[in-house]
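Novice: Starting from the known structure of chain A, fit chains B and C onto it as the hints suggest.
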Amino acid sequence: MDKTIALMSVLTILIVLPTIQLVFAATDAHEYVNRKVEIWNLFFKMMTIAFTVGAVVSGTLIWLVWRFRESHPHAKPTKYEGTEW
Amino acid sequence: MSGHSNWPEWIYVGVVICLLAYVGAEAWNVERLVEHTPADAEVIKVVGQQWFWTFEHADGTKEVGELHLKKGQPYKFEITAKDVNHSFNIHDYVILQDAIVGRVNTAWFVPDEAGEYIIQCREYCGLLHYNMRGTLIVEE
Amino acid sequence: MVLELQKPRPIWQIMFSTHHTDVGLLYTITSIAFFFMGGALALGIRAELFFPGTQIIADSMTFNRIFTVHGTAMIFLFLLPFASGVGNYFVPIMVRYKDMAYPKLNAVAFWMIPPAGALIWLGFADFTWYATPPYSAIRSPGPSADMWIFAQKILGVSSVLGAINFIVTILKCKHPDLPLSKVPLLAWSFLSASLIVIVAVPTFAAALVMLLTDRLGVSGFFDPSKGGDPIAYQHLFWFTFHPEVYVLVIPAIGMMYEIIPRFSRKPIFSQSSGIFAFVMLSIVSFSSWAHHMYATGMSFTEKTVFMIGTLAAVPASGMHVFNFIATMWGGRIRFATPMMWAVGGIALFFSAGAGGVANAAMPFDFITHDSYWVVGHFHLFVMGTIAFGSIGFLYYMFPYITGRMYNETWGKIHFITAFAGTVMVFFTQHVLGLYGMPRRVFDYIPSPEYIIMNQIASVGAMIIGAGMVIWLINMIYSAGKGKEANMDDPWGLGGKYYFPHQAKNPHH
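Keeping their order, the protein sequence lines are chains A, B and C. Be aware that the first sequence starts at 1, since it is given in the numbering used here, and climbs by one per residue. Be aware that the second sequence starts at 86, since it is given in the numbering used here, and climbs by one per residue. Be aware that the third sequence starts at 226, since it is given in the numbering used here, and climbs by one per residue.
Where hints are given, some of them may not hold.
[Stated by the list, open to error] Heads up, simulated BS3-like pairs for lysine-lysine below, C-alpha to C-alpha not over 27 angstroms straight-line:
no., chain 1, residue 1, chain 2, residue 2
1, C, Lys397, C, Lys329
2, C, Lys451, B, Lys130
3, B, Lys156, A, Lys3
[To be verified] Chain C residues, not near chain B, derived (Cβ > 12 angstroms throughout):
no., residue
4, Met240
5, Leu268
6, Phe276
7, Lys323
8, Pro401
9, Leu437
10, Phe511
11, Thr593
12, Met693
[As the list claims (entries may be wrong)] Partial selection, computed: residues in chain B whose CB lies under 8 angstroms from chain C:
no., residue
13, Asp183
14, Cys210
15, Leu221
Read the hints as simulated data drawn from the structure, not as lab findings. Owing to the predicted nature of the structure, the values given are computational and were not obtained by experimental measurement. We treat Cβ as the ideally placed atom computed from N, Cα and C, and that holds for glycine.
So that you can see chain A by itself, here it is in the shape it has in the complex (with noise of 0.2 angstroms):
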């Protein structure tokens, strides 16, 4: 519990507040914000996130698909079959 506080204290300095400090100073400036710069950067931040972790999903299922097909060399009968689950 003492060390998830700590953990939590370390995560708040290093990450949130930089972060909340940031956001806010941003209010500050004299230039207009450039709206489609901004929504497009959010759009290709996001198409990152959800690319790497497409490839890690569909990567997986492919993998799963072809070790685990039962014409796999290596397939080898699971402990359930010929019982009744």
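Specialist: Only chains B and C this time, still in chain A's reference frame:
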């Protein structure tokens, strides 16, 4: 079925929640930035009706189907509709706001490049919805 | 069905039967018929959009009517009744009861669907499946619009009756030796989905009455010229129909929970996390409805709340995907046709979900709202996930219903065409949306990007269509002339199946 340890699933759920928190925080921040209308934005009144757009500048001049704006000047659209719902959309500037009868919705932007852009309706509004377009002309 | 073919009974005996397998058969056949009708409309839409300008559809009004009926038919006359059909076959057997709790109510709930379907198809309304006022209240031509409203009303009552029946069957009629935690996940999915229906549907039922009286001119609930608020309708509508999305997807996930362990020759990785995720999904399904309405002028706070509510659905959905992957892990998987559909459905479920997370991020709505992105996104759910699960499950039920095997090769070809076609159509539509093409349009600007992407999507749709024709032929042919199935274990997988053909139908 049960009886085995489930910790990988909880780690996985934790990672998913962290990613979602990041997406949510980023989205919140960007939304906050783009919603903050600058004080010196010039108001353009936009009215959608079946099946064309009308614009009224701050000085009272009206335009139908065409909108002339100046580069570098912030504009605030006050969008409403006369008959049924429409949606005011300038895709190239990522402006999108529904035009709702009896309500005034706002959106603001600064045109940063001279040229002609398409204004279109994004909400289904009947027979000629597909053709409810206008032109945004940004002048130097 | 083969029971019918081997031991013929007059068709009225099936039609007026209240036995759960008979009602299940009626649901299944009706929903598949509407699926092909709705699919034909989809092909019409894609053919029209193959080139800019007018192609095969005479005018934009006809086009508007076609996409309205396509959407309404696919959701209310295919996906929902199909799920009810599966539930009718399997839920009583899974909870070890002789029938549904209220057999007559069950038959009544089914028999409300054909008249509602007739109203929708004969009316051919034009105001989109979303029927948003003021357009639907003051401009949409009658009587088609009014017929649509009555049809929705009937369908709403039908799904509430069906939901009550499932809930009572599972909670009250399950065998006393069977604890709720051991009830198979397919039955659990019907329990969760039915609870959502009970809570969600009455809201839209109220909105429909108000819309009808608005159309009759006696009230102005949604008509601003009479002091009403069109946004109120949108809230009422989405309060029903965002949860309704989960009503569709949860049974489809339940069907995958039946298929995947079976063909992996392993029990589900974690029954308890599956139940937990179903319950979570049915709760958070109510926290996200207004994410459809970001563009209507919502405040920053409202948008933030609904964004969080939307993102909250993701961990539970992710738990299902995890459960599927963990179940397949270490199995000995036979890729028969049902398994291919289920695995393809999981892959597309992830893509749909990722698009949904992006959609939930509120500034992104300024790019995608009411564009083809949205069309691509929700079709990945309804086609890629829900229809894939359902079609896979129909292959899985096929030997049980008919006593015969479908043709495995043609089943696989059907899967490959549908998967390739789905990716071609709906991934391309995401990109079209990013280019700003609005949805529900009869014509588009003849820019080269729009033309090429619409053509890719149209070709993909035709590929899906060809696959579905193969499926239809395979089903009809195999039902009469297919190889006789080994009813104890049609795929030679071992384990304990839930057999609809074991249901004791008094007519046999």
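Novice: Against each hint, give a clear statement of whether it holds in the structure.
Specialist: Against the structure, the hints:
Proposed proximity of Lys397(C) and Lys329(C) is supported: the alpha carbons are some 17 angstroms apart, at most 27 angstroms. Between Lys451(C) and Lys130(B) the alpha-carbon distance is near 23 angstroms, which keeps this suggested pair within the 27 angstroms criterion. As the CA atoms of Lys156(B) and Lys3(A) are separated by approximately 56 angstroms, the hinted pair breaks the 27 angstroms bound. With a least beta-carbon separation of about 38 angstroms from chain B, Met240(C) lies farther than 12 angstroms from that chain, consistent with its non-interface assignment.
Leu268(C), annotated as away from the interface, keeps every beta carbon of chain B farther than 12 angstroms; the closest lies near 19 angstroms. Distance check for Phe276(C) against chain B: the nearest CB is about 14 angstroms away, which clears 12 angstroms, and the non-interface claim stands. Distance check on Lys323(C): its Cβ is at least 26 angstroms (rounded) from any Cβ of chain B, clearing the 12 angstroms threshold; non-interface status holds. A cut-off of 12 angstroms between C-beta atoms confirms that Pro401(C) is not in contact with chain B; the least separation is 20 angstroms.
The beta carbon of Leu437(C) is kept farther than 12 angstroms from every beta carbon of chain B, the shortest such distance being approximately 18 angstroms. Every Cβ of chain B is farther than 12 angstroms from the Cβ of Phe511(C); the closest lies at roughly 18 angstroms, confirming the non-interface assignment. Against chain B, the non-interface label of Thr593(C) is violated: not every CB pair exceeds 12 angstroms, the least being about 9 angstroms. With a cut of 12 angstroms on Cβ distances, Met693(C) stays outside the contact zone with chain B, its closest approach being about 27 angstroms.
Because the beta carbon of Asp183(B) sits about 5 angstroms from the nearest beta carbon in chain C, less than 8 angstroms, this interface hint is met. For the restraint placing Cys210(B) at the interface with chain C, the shortest Cβ-Cβ distance is roughly 6 angstroms, inside the 8 angstroms limit, so the hint holds. Because the beta carbon of Leu221(B) sits about 13 angstroms from the nearest beta carbon in chain C, more than 8 angstroms, this interface hint is broken.
Consistency note: the structure conflicts with the earlier hints numbered 3, 11, 15.
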